[in-house]
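Asks: Could you put together the complete structure from these sequences and hints?
The lines below spell out each chain.
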Amino acid sequence: METTPWESELTERLRRVFGEQILEFASYLGQNFLVARPEAVVPILQYLRDEVGFDYLVDVTAVDYPEREERFDLIYIVYSFSRNERIRIKTRIREGFEPQTATVVHPTANWLEREVYDMFGIRFAQHPDMRRILLPDDWEGHPLRKDYNILDMDNRWVKDNLGIESGQ
Amino acid sequence: MRKLLRTIFLVDLIQGLWVTFRNQHPKNIYTEQYPAQRPRIAERFRGAPRLNINPETGETLCIACDLCALACPENLIVVSSERNKQTRRKELTTFTYDTSRCMFCGLCEDACPVDALELTQDFELASYTREGAIWDRQMLEEGPKPTWYRY
Amino acid sequence: MPEATFLDANELILNMGPQHPSTHGVLRVILKLDGEKILGTECVIGYLHRGVEKIGENRTYAMFAPYVDRMDYVAAVSNGLGYCLAVEKLLNVEAPPRAQAVRVILTELNRIASHLLWLGTHALDIGAITPLFYVMREREEILNIFEAYCGARLTTHAFRIGGLQYEVYEGMEKQVKAFCKMFLPRVDEYEELLTENRIWKDRLVGVGVLTAEQCKQYGVTGPMLRAAGVKWDIRKAQPYSGYEKYDFEIPTRTNGDTYDRYIVRIQEMRQSVRMIEQAVDDIPEGPIMAKVGKVIKPPVGEAYVSIEAPKGELGYFIVSDGSTQPYRVRVRPPSFVNLQALDTMARGGLVADIVAIIGTIDIVLGEIDR
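Going down the list, the sequences are from chains A, B and C.
Be aware that the first sequence starts at -4, since it is given in my numbering, and climbs by one per residue.
Be aware that the second sequence starts at 78, since it is given in my numbering, and climbs by one per residue.
Be aware that the third sequence starts at 42, since it is given in my numbering, and climbs by one per residue.
Hints should not be assumed to be uniformly reliable.
To be verified - Pairs of lysine-lysine residues, derived as PhoX-like cross-links and limited to a Cα-Cα distance of at most 20 Å, are as follows:
1) C:Lys272 <-> C:Lys286
2) C:Lys218 <-> C:Lys272
3) C:Lys95 <-> C:Lys338
4) B:Lys80 <-> C:Lys242
5) C:Lys95 <-> A:Lys141
6) C:Lys222 <-> B:Lys104
Don't read these hints as lab results, they were simulated from the structure.
Just so it is clear, the structure is predicted and the values come from calculations on it, not from any experiment.
Replies: Structure below.
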């Protein structure tokens, strides 16, 4: 990805407050994003909401890169109604790391984080209700991981609950 | 005061009922009497697939290039061909199209370079068996034959 | 919500759905009641999960386009537009002006169709049966236009990456104009039936209130946000597909209750007609497809593009690894996020209101479960 550096009054402020916690400010196709350390994400969201006006958490999602040591990219998209600006916050986490939940800052993160857990198996620490949301509660495996083939399924669950050998 | 009168004389209710009565005129009937009356289907409608044949020679237009099979998101088209020894051209042997998995997106039709595969205006695709939904070359060339009902 | 297994003498757990006509699909809501009062709700979703995002990772860019229509099947054209815009952003191309104008016409028609279906089913839930027949009649006209334009009525697959596949058919302008002319008096007719109707008002005014602050907290967008008084619409805030060329208003209300959402959606249909009339009068000449090549292969990168779907902000976040298949497709579904506010809206209300509140969110389960 050929990014260009992102410099503005906002990045200056963030750099002043968070310093080393933010690894990179970049822009791709005119869309600005920052890469932060996993521990810093919730404080950044809090700061952006309270001090800058990014009061709407659009989305929380993840991307799986199995060959990388820090396997997952966790992506938060925030929007500011007053500034009409949308930025992304990216962080890299390894398998088994439990990032802090963003529900304390944005209640809407509740279901979005549950979906990330459901699809990628990333548990969020201190989340009020860390259960699966789309798949059945006793399903095994996390479908959006790259090592989960599109034809894979939890055969035991399918057999126990539907009484058929395979859903294919 | 006005509000009270409106409440007593049920103005809002009568207003609504007047709309209902206005729409009861026979010229406002909208129901189609399918299957007695055939619906009008748009020219571009994407329905049952058909393999076009050259009306003069009766030969298929398909050149067995396999592009439709590659374009299909559901991988439901299987094309097999044989190379003719004399003309050294590929000739179509079998063509199967699984309509039970088809979502009629039209990508195969767009991919066809010779307009051989086409989604037609036929829409009655029901079949008594699952196997009946898998169409072979003969079925694709002749088109579906839905039951005609009499009244 | 509090622990559902805990059962006090005064508390009753009532299961609603997944097979319930007023949940508009397969939504299951577990209600915790004290008499008729709702103490809490819990949604159980996922009955319609088909793994659309996983399918996207295993299809090429062009092949995935028909699948996105099947998420919000009532507004398939909007879904297709969002996906095409996201891939075009990655490719760094823009659809030609003629394609953009046609896209606007079809998306706005689709917005009307979606709001019409919402109005009919919502009114049916409340107990007004007549509007359902009328809205279906008008929706039929829109679906006929879709059928004539692209060959399908519901899951249209109308747009392609880079522009359009089909040229405008002969007589389309005339048909769309005739529809607009016929439709505005019909909206007045719906309003005559409902807006001042006493039963309708008694059932809706003050029910399911969501303030602007709560909307922002829960990420609620679309007509629900506008009914709470926030004048925000992506078509105005961050215009896409040439929306900046058209003159329209953003209808807003202040109370943020179910009645206000009804008014906002009715007004939105009028604004859509206004936009369609402007667009259809002035479809520019020119090509309908940008130069994208036969094989779509965006460079390595990622992009988030969102549009104003009938239900709220519909976003696509696509990561490309430089191959012909997307590395990751994330859909930000408006219904999914909006449904999360159900608990806040329903808490403290009566059990009869839950039907009105579910209806007012305008959910489509195909989009929630994907």
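Asks: Which numbered hints turn out to be false for this structure?
Replies: 2
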